[in-house]
Amino acid sequence: MTGTFTPMPGSAPLSSQVAAQTRMETRLLLRNGEQLLLAIIIPVLVLFAGVMGIEYVDLSLSYKPIDQLTPGVLALGIMSTSFTSLAIATGFERRYGVLKRLGASPLPRHGLLLGKVGALLVVEAVQLVVIGGVALLMDWSPELTLRGVAGALTMAALGTAAFASLGLFVAGALRAEATLAAANLVYILLAAGGGVVLPASTYGRFADVIGWLPSGALGGGMRESLLVGTFPSGPALVLLGWAVLGTVLTARTFKWE
Amino acid sequence: MSSAVSPAVEVRGLRMAYGDKVAVDDLDLTVERGSITAVLGPNGAGKTTTLETCEGFRRPQQGTVRVLGLDPHRERRALLPRIGVMLQSGGAWTGARAEEMLHHIAALHAHPLPVQMLVDRLGLDDCGRTPYRRLSGGQQQRLSLAMAVVGRPELLFVDEPTAGMDPQARRNTWALLEELRADGVTTVLTTHYLEEAERLADQVHIIDRGRMIVSGTPFDLTRGTGISTIRLVVTRPFPDHAPASLQAMLGPPTHVHPVNEFSLLITGPADASTLGKVSAWCEEVGVLPESLSLGQRTLEDVFLQLTGRGFEQS
Numbered sequence: 215m216t217g218t219f220t221p222m223p224g225s226a227p228l229s230s231q232v233a234a235q236t237r238m239e240t241r242l243l244l245r246n247g248e249q250l251l252l253a254i255i256i257p258v259l260v261l262f263a264g265v266m267g268i269e270y271v272d273l274s275l276s277y278k279p280i281d282q283l284t285p286g287v288l289a290l291g292i293m294s295t296s297f298t299s300l301a302i303a304t305g306f307e308r309r310y311g312v313l314k315r316l317g318a319s320p321l322p323r324h325g326l327l328l329g330k331v332g333a334l335l336v337v338e339a340v341q342l343v344v345i346g347g348v349a350l351l352m353d354w355s356p357e358l359t360l361r362g363v364a365g366a367l368t369m370a371a372l373g374t375a376a377f378a379s380l381g382l383f384v385a386g387a388l389r390a391e392a393t394l395a396a397a398n399l400v401y402i403l404l405a406a407g408g409g410v411v412l413p414a415s416t417y418g419r420f421a422d423v424i425g426w427l428p429s430g431a432l433g434g435g436m437r438e439s440l441l442v443g444t445f446p447s448g449p450a451l452v453l454l455g456w457a458v459l460g461t462v463l464t465a466r467t468f469k470w471e
Numbered sequence: 499m500s501s502a503v504s505p506a507v508e509v510r511g512l513r514m515a516y517g518d519k520v521a522v523d524d525l526d527l528t529v530e531r532g533s534i535t536a537v538l539g540p541n542g543a544g545k546t547t548t549l550e551t552c553e554g555f556r557r558p559q560q561g562t563v564r565v566l567g568l569d570p571h572r573e574r575r576a577l578l579p580r581i582g583v584m585l586q587s588g589g590a591w592t593g594a595r596a597e598e599m600l601h602h603i604a605a606l607h608a609h610p611l612p613v614q615m616l617v618d619r620l621g622l623d624d625c626g627r628t629p630y631r632r633l634s635g636g637q638q639q640r641l642s643l644a645m646a647v648v649g650r651p652e653l654l655f656v657d658e659p660t661a662g663m664d665p666q667a668r669r670n671t672w673a674l675l676e677e678l679r680a681d682g683v684t685t686v687l688t689t690h691y692l693e694e695a696e697r698l699a700d701q702v703h704i705i706d707r708g709r710m711i712v713s714g715t716p717f718d719l720t721r722g723t724g725i726s727t728i729r730l731v732v733t734r735p736f737p738d739h740a741p742a743s744l745q746a747m748l749g750p751p752t753h754v755h756p757v758n759e760f761s762l763l764i765t766g767p768a769d770a771s772t773l774g775k776v777s778a779w780c781e782e783v784g785v786l787p788e789s790l791s792l793g794q795r796t797l798e799d800v801f802l803q804l805t806g807r808g809f810e811q812s
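If you're matching them up, the sequences are chains P and G in order.
When the first sequence is numbered by the working numbering, its final residue is 471 and no position is left out of the sequence of numbers.
When the second sequence is numbered by the working numbering, its final residue is 812 and no position is left out of the sequence of numbers.
Calculated from the structure, these hints are not laboratory results.
One or more of the hints may lead you astray.
[Unchecked claim] Mimicking DSS-like on lysine-lysine, the simulated pairs with C-alpha atoms at most 30 angstroms apart in a straight line are:
(1) G:Lys519 to P:Lys469
(2) P:Lys314 to G:Lys519
(3) P:Lys314 to P:Lys469
Kindly produce the complete structure, drawing on both the sequences and the hints.
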């Protein structure tokens, strides 16, 4: 006869652990008002404001405004989710002992990371549907070649990897409040001056520098894929470089407590 | 030695320091399977550091630690599914609800307990849809305990399980820990509540300033040495020289420990001669006894006698 609490220890299979972690993190992210603002509302507003603004300010763009802007706004969404949201959430998980608690559970560290990546991808899919849907309603007509779509997906994956590793680096190295401030500040700076939404060419003599930023590479790559329909090899390499740098920095400095 | 017969926890010569502050100093600790073991000590005694080393969060700086026969640092992945951990604070997303959090931890284990049963047992249904950050301290503690238990561990580490709980919740928690023991779960708990250790534990280890000062069953520690205690409480503060003059009057083997300015603890043979001397001394120094009681030692008396300090004031 066994009792209610008779020991029967064991780990759930890694796949169910990762699925549970992804579900939980996605729910928490979508429940948080500030995160939703960052993930959905700001990009949609940028899309509206951008289209209206371009009508007044001549930026000498060779495509119609909505086609020009949408790839960059998608890039902005990827940046906000994989960098800012992830950094802030992880910073507070560290601060409130969530990482420590999970560290004492059967969930291994790579399971935790996979769960986080899963949650990022789910949120990014939601962003793609909402932002892409709004853009289509505004008469967006992307250049959907095979190379272009492959390029956009590659950009999304590499952009997520680069920004997520940099976000974890910030969250692992700074205190939670400092992470909150830094992640928002970097987001605003890169969104305004990092070549995400507007092409590097509109930044005049800074154009070269901007192409080397992860924001400029992601925005430029998305535009090349969805405007021109070619595979953006250059931006892909830049993002890969940032992803490697971010991963090395995170692996060296991340503290779980 | 196979892990089936090894003790649940075996710590030998553990030393841990943070900078030049020594937190744990040459500590030995053995926990037999199926027992409740209390690690008792004032705040800052080194209890949490010891526990976290057993949980694999910290690598021993000196000495060895084996938990269920495993090295908790090197063999952490094999160990973690088998233990349940209750952290002293935090450990949940601030925006998560209690049941949601418990379901999540349950989903990481192969054969979790039914979540609803734990919710009922620990009264977590009163948390409702409130996010973790707005739960009371006691509710957070109960959730934290539930998260430690839900994976059906063999060995449970609970750090200050009833801190911040109301009396009802504390009794529920004790009943749960006793039922876990009856079902074969080993529990190591840290506490600074003497009553908790005395009531629950099979073995008590008292730690002070990183060192183990005494170990034994609560019975051994409080009754084992045949010494009784006399507590003297007076109506006005003692004069400064009081403990010394009473000590001089009583002589060895009796010991006088000042508890505070109104009360003294006298350990030694509580016979008529000692009582007579205590009364005479009260008259001599001009204090009026409010109560003079004889009794068995409590764990607090043991701590006082071994360290020369009261438990709460240290």
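Now for the hints, and whether the structure bears them out:
1. Between G:Lys519 and P:Lys469 the alpha-carbon distance is near 22 angstroms, which keeps this suggested pair within the 30 angstroms criterion.
2. For the given pair, P:Lys314 sits about 23 angstroms from G:Lys519 by alpha-carbon distance, which is consistent with the 30 angstroms threshold.
3. Distance restraint check for P:Lys314 and P:Lys469: the Cα-Cα separation of roughly 10 angstroms lies within the 30 angstroms cut-off, and the hinted pair is therefore satisfied.
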